[in-house]
Amino acid sequence: MAMSPEDENPVKAFGWAARDSSGHLSPFKFSRRATGEKDVTFKVLYCGICHSDLHNVKNEWGITSYPIVPGHEIVGVVTEVGTKVTKFKVGDKVGVGCMVGSCHSCANCKEDLENYCPEMILTYGVKYYDGTTTYGGYSDIMISDEHFVIKIPNNLPLDGGAPLLCAGITVYSPLKYYGLDKVGMHLGVVGLGGLGHMAVKFAKAMGLKVTVISTSPNKKKEAMDHLGADAFLVSRNTEEMELAVGTMDGIIDTVSAVHALLPLIGLLKTNGKLVMVGAPEKPLELLAFPLLMGRKMVGGSGIGGMKETQEMIDFAAKHNIVADIEVIPMDYVNTAMERLLKADVKYRFVIDIANSLKPF
Amino acid sequence: MAKSPDQEHPRKAFGWAARDKSGLLSPFHFSRRENGDEDVTIKILFCGVCHSDLHTAKNEWGFTNYPVVPGHEMVGTVMKVGSHVKKFKVGERVGVGVIVGSCKKCESCQQDLENYCPQTIFTYNSYYTDGTKTYGGYSDMIVVDERYVLRFPDNLPSEGGAPLLCAGITVYSPMKYYGMTEPGKHLGVAGLGGLGHVAVKMGKAFGLKVTVISSSPKKEAEAIERLGADSFLVTSEPAKMKAALGTMDFIIDTVSAVHPLFPLLGLLKLNGKLVTVGLPDKPLELPIFPLVLGRKLVGGSDIGGMKETQEMLDFCAKHGITADVEVIRMDYITTAMERLAKSDVRYRFVIDVANSLPQ
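Protein chains in written order, with the numbering used here: chain A, -11 to 348; chain B, 63 to 421.
Keep in mind that the hints were calculated from the coordinates and are not lab data.
Ideal Cβ placement from N, Cα and C applies to all residues, glycine included.
One or more of the hints may lead you astray.
Unchecked claim - Label-pair restraints from in silico Cβ distances:
#1 B:320 / A:8: 48 to 56 Å
#2 A:329 / B:244: 40 to 48 Å
#3 B:148 / A:234: 27 to 35 Å
#4 B:391 / A:248: 46 to 54 Å
#5 A:277 / B:65: 30 to 38 Å
#6 A:270 / B:142: 54 to 62 Å
#7 B:124 / A:218: 36 to 44 Å
#8 B:217 / A:218: 38 to 46 Å
To be verified - Facing chain A, a subset of chain B residues (Cβ under 7 Å, in silico):
#9 67
#10 172
#11 342
#12 350
Start from the sequences, fold in the hints, and give me the full structure.
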């Protein structure tokens, strides 16, 4: 007989969960496993709200098991480490992103690509090795195998750093993999939200020229004055788009709604790369001619492995890159989700867990 | 007033042209330019029949200017060279492929990627630098700037070598560019026609494991026993497709009809690359989830530059790679085109121009 979330494990935990596809979150008592020999347990200080959290609580991908405690941009301070833990000690500032487990033996795991392991375990909403459910960071404490814990450098603010654990790595990884990280290259960023604004910041830090491509003209000032973008294209403005044809080495496309690829492919130079990091549920139209005529490609990327995630955090710390955030108390989360749905946030909500998550 | 094709230029030429979108070809008198300082005049011996010739003859892509003399896989002998020509001499056996001009100044041209020059001049159905139309290899002779002429290696037969000038480079170039040359890697070839069969041969020469992916089960014996493919997958056999999921490093997709990409993407491993070299005239559906979850990509590639085309010919000569051809007379072309439309050829028709095109 399945145990209740509270009794499943020995350590009491508390968080907010969604219980059905309305996606409405409310206080939830559950439990976490005891700190195993390779585990790191930490007090959660902040947790970023990723759009995936919204997709999941509303079961938009059809894979949600309720009750679900979302949150995979989790930062905090270590309270306990297992006897075989070597990389962390009590008091360290740490983070956990989208994964908490993988098989460690497949070719992908051996190449530090745990995110592509067929047995990768997500931070929330799935079964752990021991058969218990994983719960995410909208909660008071978190536990993870040390392999999946990230060390947060001292100079990286925890609140602005939290979104790096998903949004950050999601754009950093493809910039490296697709070679869009060379000084002087021209990168387009489609969509200026959680992912998009991070892409602008990383690309600028890598020395690229960055053009933001957006449907909203009113994001221009923000993009250029505040985020440091070099140019801004309104995608519906055919004249502007025409002038930019064949000018970009690569484009990071963060838009998850269905949208036209043809104008984006047109913006690429010969050998240009369009990289999808948003995941529209329906297929997009692809015309062969423009792809062939310029030897262009459309590729995808999904988060990153643990080694690369640590590399990304260290890079961010070195270049003072943090997300632009709106810090909210836990009980604002439902309103935050409604605003997130309308893209009404600059550019990530981060829940101030330590100061606002109160047990009941 | 526009001159008629046979008066446009000083040298008489003769070929077969399509005059309307029926695509039917018939005898056509036209003319070629005088041999300029950098030009080479070539007597055409053989010309391959590429599916693009059919698409163009019937205006399937919507940009044909009739009359059109198709043919961009031609092999012949040099009759005359201009005063500045360094690479060729009279009597040499040469080839001309898909392009006969480019701007020579842009970044692409400077990187030997004339095929990606925004001002590429195609062997037929394009406009040359002098404003006149270009006519292709279904004809007795052609005049070409030496930069766009290929040297034909001695041990490469003309008939079997001609199709390499388009089909060959079309698959060779992406195999190099997308890194498909590491021995032991697994290549899928979708579609077993002119492009596909050459891709199988080249894949084997690169030391790859090659699986042919086809909609027709009856090509299996041929693919494995004659072309040397290691295995054969029929797209309509779900159990076999499932067993092959996540097994291929690359796929060259040669299919020019609209077809689903989802099953092909599923066959790729992590970081797998699907390269499309066919040109469907309608959009394909691209599912994004497989790209994101497997860091996969769909890329395009279009023929190759002149330097790489020469490299490809030399590679084929070295490895004994030729196209499998059915040599035909010029007057068989209408039937050949009908058969080509039904993929009824193993695997390229080649017109014996010298022996069947009356002068």
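Hints the structure fails to honour: Violated hints (numbers, rising): 1, 8, 9 and 10; every other hint is consistent with the structure.
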